[in-house]
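The whole structure should be built from the sequences, with the hints applied where relevant.
One-letter residues, chain by chain:
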Amino acid sequence: MSPLRDVRNWLDERIGWDDLVAPLRKKTVPLHRLSYWYFLGGITLFLFGIQMVTGILLLLYYRPGASEAFESVQYIMTQVQFGWLIRSIHSWSANLMIFTAFAHMFSVLFLKAYRKPRELTWISGVILLFLVMGFGFSGYLLPWNTLAFFATKVGTEITGQVPIVGKPMMIFLRGGEEVTGATLTRFFGFHVAVLPGLTTVLILLHLLLVQRLGISVPPKLELQWTANPSAKREMKFFPNFMLREMMAWYVALGVLGALAAVFPWNLGVKADPFVPAPAGIKPEWYFLFMFQTLKLIPSKVWFIDGDILGVLAFGLAGLLWVLLPFFESDQPSHTKGWITGFAVFALAYMAGMSVYGYLAK
Amino acid sequence: MAILRNKLRRNKLRPFGAACYVGLAGFVVLAACLGYGQTKNTCLDCHSALPDPLGVSQEKFSQDIHAQMGLTCASCHGGDPTSDDPDKAMSRKAGWKGKIDRKQIPDLCGSCHSDPAYIRQFNPSLRTDQLGQYHTSVHGKRLAVGDTKVAVCTDCHSVHDLRAPSDPRSTVNPVNVANTCARCHADAGYMKEYSIPTDQFAKYSISVHHEALTVRGDLSAPTCTTCHGNHGAAPPGVDRVENVCSNCHTFQAQMYERSSHKKAFEAASLPGCVVCHSNHGIVLPTDAKLGAGPEGVCMRCHTPGDSCDQARIALLSSLNRLDEAIKSADHVVHVAESSGMEVSEALLGQDQARDSLTKARVTIHSFRQALVDQDIQAGLKIAAKNLQAGKAAMVERNHRRLGLGISLIAVGIVLAGLWLYIKKIES
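From first to last, the protein sequence lines stand for chains A and B. Numbers 1 to 361, taken from the working numbering, label the letters of the first sequence in order. Numbers 1 to 427, taken from the working numbering, label the letters of the second sequence in order.
The reader is advised that the hints may include incorrect statements.
Subject to a maximum C-alpha distance of 30 Å in a straight line, what follows is the list of computed DSS-like cross-link-like pairs (lysine-lysine) [said to hold, decoys possible]:
| # | chain 1 | residue 1 | chain 2 | residue 2 |
| --- | --- | --- | --- | --- |
| 1 | A | K116 | A | K232 |
| 2 | A | K236 | B | K424 |
| 3 | A | K27 | B | K424 |
Worth flagging that the hints you see were computed from the coordinates, not collected in a lab.
Shown next, in the form of structure tokens:
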């Protein structure tokens, strides 16, 4: 008897291991020409794992505080063995994770996987995307460099535009009227405690729902397979799909390693609150479409302040985005084309505005 | 309500109309009260409609700092500005002076500006020695002997729209001073009888000082008045040139004091700094000034091959050595930086090396090899350290890329293994 089997038997006798993993054995993944989109959720989860591991390693040396943060990151990058690699992987992985989370969301949208009974999966997924963006926003400030300082200043100022609750929210985020060391320690707390806790709970819920409801099939295919059950093709989740997913993870790992080694993440210049903001300062790419939109809105639209209008519009769009499944029919034969059209528009708008924002001076 | 309305109609009472009348009466009383407190100034009533040189518009005069401080036309010109009758307003009896004679202008301005007690009311930090200084200036001296072509207060400061020097629109704002002086001093026809050059402004316009002042906006950069004085305007004089330059170039002056040139120039009545750097057209000095080429200045006096020429070559060689060392380190450190390597310490160190080179270029004014070598050696040491840091960063970069290559091969092998395993279990 192999040692692995011994361990398995030991666990089975105590916690009923075989019963626990039985659903995984029975779980299948639909097999069709768009099946490769199913890998994106797993890749995002893998990158989140990378973030957890590299984040914990960075925590061993990082010191939050306006007088120490920059120096501690500099120390990590120059003195700590492989510190540069850990920090670069953490930064690149954060960006890749946000990208794959967006890609996963749009793939779910175009494959109409958000329909009944998967509304909760969609809602938890969109909230997860917001949390991931929150990770990006809070983590960006932690090295306490010039770009991060002013991007946070602009970002929190935008929060302050929300009517009624905006100003208190801005003061809560900043830990005062201005971006200071208090903001840094606050963002550090969000980044390493609040957001990871919330995200872990939501990921577990999201995975539980995926496990419970199975993997969605595009409506057209669902109709074909219902009409002709013999045409239905599936793949076992374990080990067949899992092995393929592992291949995708290895590819992601290779890409991460290459990016970290060839384009190590820049540290920049230490933040100085008393110098003017660098010209043409922009937020990270995933906030660029919102930033550019706010820049283009006139200062007054009718009698409403342009910034307030923009922030309210994005808030409303975010809410509608979360509630999107409730506008869709639960019948595969009655799916609404306007939702797909809206998704295409949203994707084109976000991509177009991001490129415009990147090129704009 | 209806009963009240009927009653009002019957008695022909119009409450809205009554309120209007009361409001109008109140406005008239208020306007009268406000007008009562104001001093009447009838001068501008006519002069704002007159053509130049008698015309002074309300808009122009309102820009004048004196008007803003509460002074009126009568403060300088006398007369009675409260009278509507021009004959009374401009009567000698009322103290009217008419157009101020050019010769009288400095004393008229000085009647207030030399009175500390009076000036203190408006600006306690404003100097009150302008008139005294003016009398010592070439302008003041020539005016005293009857030359009315020389500058008086209003020529530089303007009149009727005179602004504070800190105002960028002021003719005596540091940025505008050179243009103001050039109005006369660059006019060859106007200056003909004085037999002094008129190319100062043209030369100054290409100088490093002009560039600092107008392009970089450095208001501490010198303009005409910085070296020549303003109210006490006078040529600096041969024996005082280094005293003028040393106001800003302190260290160069200290080094020059210790050099053999100081005595030699004085003995030959040569004008110190100006011998090598010129005066109005000073351009950014380069190491080529020490060379034997067209930009070189040493060989204008020294003989090729003499001991001074040997010293010149040694000094130039020291500067070049440090300059080259900094450039080499710069190249390597910047390549490392563009490869994403963390070399901020080396970049900071490069600034220190450049500081050493700048210091050596200052020490050159002592023309002592030993002193210059101290700065050169310090700079060379820093540059060598930075070069080493840059090279180490490049070695590290290559190690990273090698590590990446090996890791990618490992990833590729695992991928191939997984693929083969999938094929095996699915077959």
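### Query
Honestly, which of those hints from before does the structure not fit?
When the structure is compared with the hints, none of them turns out to be violated.
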